[in-house]
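Generate the whole structure from the sequences, applying the supplied hints.
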Amino acid sequence: MAYRAMKICSTHQALHDEFEFIRRLSFKNGYPIAFVESVIRRQLNLVYEPREIKPPKPETDIVVLRVLYYGNPSHIYGKRVTTAVAAQYPLKQVRVVYDVTARIGHNFTTKDKIPTELRSGVVYEATCPVCNEKYIGETCRHLKTRINEHLSYQKRVIPSLTQPRGTATNTTVKPQKLIVNREWWWRPQGAPMNDLPLDKKFVKGSFRTRVTN
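Residue 58 in the UniProt record's numbering sits at position 58 of the sequence shown, with consecutive numbering throughout.
Just so you know, these hints were derived from the structure itself, not from any lab. Honestly, I wouldn't trust all of these hints.
Claimed, not checked - Below are the PhoX-like pairs computed for lysine-lysine, each with C-alpha atoms no more than 20 angstroms apart in a straight line:
(1) 134 to 144
(2) 92 to 57
(3) 144 to 155
(4) 144 to 113
(5) 113 to 134
(6) 79 to 92
Said to hold, decoys possible - Now the in silico label distances, taken between C-beta atoms and shown as ranges:
(7) 89 to 47: 41 to 47 angstroms
(8) 65 to 134: 49 to 55 angstroms
(9) 42 to 17: 30 to 36 angstroms
The beta carbon of each residue, even a glycine, is placed where N, CA and C say it ideally should be.
Encoded structure:
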């Protein structure tokens, strides 16, 4: 009602009369006089005493400075840097973080190192020493288990393909490095290797594995 009175009244006398009507009507309806006066005063202040618009404060940027920790000299250096920056660039705030290159945790491991042949999720590569054909596969079991499966199949296939009957074949398995990822990919030199199912691919010769970062 006070806002409406200020909008429709064109003279101060008319506005005064309207405020008096509002006071009487509010008192008859049980409103406290102090509450009515505070509402009228707030509406008048919005018109005659508008709020001062404060300029926005400049934002300060926080810059992290890493300093190698050498004891008291590092603290002195960090304090000098922050003092110089505060004097020359007030909008920049330097936060000094003391760091070390060698940590105690670097000398200890929380888990035992898993041997290469006992790792799972390994992408391995088998190379044939006869035709240099390559077979790349992934095993969700231990690498040792998968290599033994290939060698078992190799013993049945190699003699009939590369040597006359009655001769034996010596094969070696030399796991060197390790690939640890979850992608299955192929890189055969001949297309027929891709078309064969897993148990029909010839795995000849030594096994090699590689590491990816």
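So does residue 65 sit 49 to 55 angstroms from residue 134, Cβ to Cβ?
Taking Cβ atoms as reference, residue 65 and residue 134 lie about 51 angstroms apart, which means the hint holds.
Within 41 to 47 angstroms: is that where the Cβ-Cβ distance between residue 89 and residue 47 falls?
43 angstroms, holds
Would the pair residue 144 and residue 113 pass a check requiring their Cα atoms to be no farther apart than 20 angstroms?
16 angstroms, holds
Pairwise beta carbon distance, residue 42 to residue 17, judged against the given window 30 to 36 angstroms
20 angstroms, violated
For the pair supplied as a hint, residue 79 and residue 92, confirm whether the alpha-carbon distance does not exceed 20 angstroms.
With Cα atoms ~15 angstroms apart, residue 79 and residue 92 stay inside 20 angstroms; holds.
Straight-line alpha-carbon gap residue 113 to residue 134, limit 20 angstroms
29 angstroms, violated
Tell me if the straight-line CA distance from residue 134 to residue 144 falls inside 20 angstroms.
19 angstroms, holds
Hint check: residue 92 vs residue 57, CA-CA at most 20 angstroms. Holds or violated?
14 angstroms, holds
Hint check: residue 144 vs residue 155, CA-CA at most 20 angstroms. Holds or violated?
16 angstroms, holds
Violated hints, in rising order: 5 and 9; the structure is consistent with all others.
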